[in-house]
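Trainee: Spelled out, the chains give:
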Amino acid sequence: MSGSTRNRGWRRARVASCLLGAAVLAACAGNGPADDDPASGDGEHPGATARDVDAGKPVSDEPIPHLTVGISGQVPLVDPAQNVMSGLYVNMNALEPLLQVDADGKLEPWLAADWEKVSDTVYEYTLREGVKFWDGTELTSDDVKYSWDQMAPAADGTSTMFAAVASIEAPDKYTVRVTLHQPDASWQYVPAMYYGVIYQKAHAEQTGEEFGRPATLAVGTGPWKFDSLNPTSGMELSAHEDYWGGKPPIDRVSVKFFTDDNSMALAMRAGEIDIAPGIGQPEGFAAAAGTASTYTTATCATSLVSMPTRTAPWDDIHVRRAVAHAINRDDIIASTQGRAGAPLHTLISPQLFESLGSSDEVEAALEEVETYPFDLEAAKAELAQSSVPDGFSYDLTIPGGSSATAQVVSAQLAEIGIDAPVKVIPDTAWYGMIAERDPMFTFTETGACTPDPDWDSIFLRTDDAGEPIGLNLAQYTPPEVKELLTEGLLEQDPAERLRIYTELSKQVAEDVPYVPVYAEGNTYASADYDIVEYDSFWMSFPWLLNVVPR
Amino acid sequence: MTEAAVTAPQQLTRRRTKSRPPLLIGLCLGFMTLVLIVAVFGAALAPHDPAQQNVLGSLAPPSAEHWLGTDGLGRDVFSRMLAGARSAIMGPLVIAVVAMICGNLLGLLAGYRAGLVDSLLMRWVDLMVAIPSLLIIIVVAGALGGGYWLAVALLTLLTIPTDARVMRAATLEQVPRPYVEAAKTLGVSNGRIMVRHIWPNIAATAVANSVIIFAGSLVAIAGLSFLGLGAEPGTPDWGQMLSENQPLLFTNPVASIAPGIAIALTATAVNLIGDWVYEKMSRRGAAR
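As you go down the protein sequences, you meet chains P and B in turn. Under the numbering used here, the first residue of the first sequence carries the number 1, and numbering increases by one thereafter. Under the numbering used here, the first residue of the second sequence carries the number 1, and numbering increases by one thereafter.
Think of the hints as simulated: they come from the structure by calculation, not from any bench. All values derive from a computational prediction rather than experimental measurement. Hints may be right or wrong, so weigh each one.
[Stated by the list, open to error] Per the computed footprint, the stretches of chain P lying under chain B, defined by three or more beta-carbons under 8 Å from a beta-carbon of chain B, are:
(1) 166-176
(2) 275-287
(3) 406-415
Using N, Cα and C, we set each Cβ at its ideal position, and we do this for glycine too.
Only chain P is shown next, with the shape it has when bound in the complex (with noise of 0.2 Å):
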């Protein structure tokens, strides 16, 4: 257990990091939750609404004979197993993984026509036939095998979650067997994911070190096909005419990247691109980029204050209650320019339990779950019962991207007499910090979720010794929570790990070395087009599919 595990924080870590420093990339405009939208007639968003059409349809027949995509950074290449930032955008266009989350957290069929857990380590997936790569030759189980084989972290696959995987075969044309160490549900998702996607073994053993790159690209079987990409300006894709789901209705998609979200908003203003999916600061953005709107969905990520919970006085669970009590969310989120999605009082996002039992269910679960509303006068009493009833100072460390959030945060803690100073260190000192198990008090947004509650197991894993690894900024160790933890992977049925992370979340909640703030939020702008079904899965299929005129 404790190898795979390490090495899964470890990797998680890094791809929330890859996201986060995407985020901070991304981050450059504008001010509060933004959600104007002139196309909604009857209330109900086009974000906000479910593809109700079959898996491979456009949304929209409409034809577009054009597109222009605005992203934030730059793509590099499109291997999926080194390229896990802005490539996303692009890249699940082109390459498609076997399922799809649904908009309500379930899984549904993509290339994979059907898929059975046959025992709890072994997972079958059967693949649709007659899906064509661009080159018009069949995809087969061989090219999911060799796409996921990259993935394993013996391979230099740098994004994964593949190291629960122990084989993945090919017994026939259209079978691939997944067999893992051990039981992992949160595994499932993993063929849904952007970092599960497929491309075609030929062409990329034939490309070999150059896979991915430039000049070779990659080749799938997604409905638009790479036809260029310059790593400093963007990207050209075309329709794929013998796409599975039929021709897509957008012929020529270009994709242009930019160094901030300022510059992307007047290339908006300007006419030079049509749609934004991703942008960091919502108002700001709406602000400069003139007719177009945005719309937010509150995300399964979430963002928090961490406090070490081994080092004095943080190690006073007084003094931790104390700062969860003065945290006003309210103001928070008015400061992140509309980035946040909605106010979080639990580790574990109530999306991620939508997989583990119907909503009533989930929510008389959650209900057993303390929470800390803001309450200054609670808070002064906390303190007042601590080690230090007369307030102290530590620095508020965080990497760069947050300061605006982290000034709020530090001056609600001086309403109770904490005084918490701003230190802004550059990314690679924090992440160096972590490393270290340097005790720091910290605000950090995650960037990224997967659908299963293991998700927020990043901030609470420890290594067989006990000792925090992986995103356990708080230091946090107590053997019980390691118990739910590996509980909640090894068991199986729904209603039982409804159970289990119910009790991770009370016990995580009795300790608070978290507070959690905010659901981070994904944001689109457009003034011409919206996205359907835009959720936290939003990138993790061929979202252009899911794009329509308003």
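With chain P held as given, fit chain B onto it using these hints.
Mentor: Just chain B, lined up with the frame of chain P:
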């Protein structure tokens, strides 16, 4: 052309002085006096607490209550401008004064003593001048996590060699002059000759150079704060405000334009005043 080429420096400056409108210098002096007053009493003069957040009332446009509106966290931009004058002035002042004292001493020493001392000092200066200073500061401040006084210390260190080189050149020009020879003959000590005899004659250059350093440092520190390597987040600081409020360009443009204008105006005013002081001092020297 020929006439201009042979015109002595003093005549040149005198002619320039005559053509310059004194009104401009008056305006600059007035502006700088204002900046200095604000730098000293800034926080006390501010209509609001510069650090007071009101997140839900953020991005207000300019009004009677908030003259320059509010920023992304609802803080009063005008109050932050006033409070920010101190960090705008303080750092450059320290840099200019320390660089002037150290640079002048080293320059005098190198120019007057010549020989090995001069060679050693000047090779060190060559080395330091060859380093792209702003880049080094960005790297060092970035690695150490930034901070206002770190930026000030680094800028001071990297400015001293430039000042030393200028002062050495000015000293070299003075050393062969008869008054220095006379002092030597009278047995005046070397230290006294450098400080009491030579320095007063190169003081105009020293002051002018320091003023240029002041203006340059003002812009450099603002730039470092803009990059997140200067003032700590939350500190009212013009460079920091420029960076923090840049995304508000379309929501409350004044919040980001005002600190930019303040930086530009102060740097320009200081430069013009420096020029004027140099001419005044040179003329006095020439008349003597």
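Trainee: It remains to establish, for every hint, whether it holds in the given structure.
Mentor: Structure-based check of each hint:
1. 166-176: violated (count 0)
2. 275-287: holds (count 4)
3. 406-415: Held - the segment 406-415 of chain P has 5 residues with a Cβ nearer than 8 Å to chain B, which meets the minimum of three.
The structure shown violates just one earlier hint, number 1.
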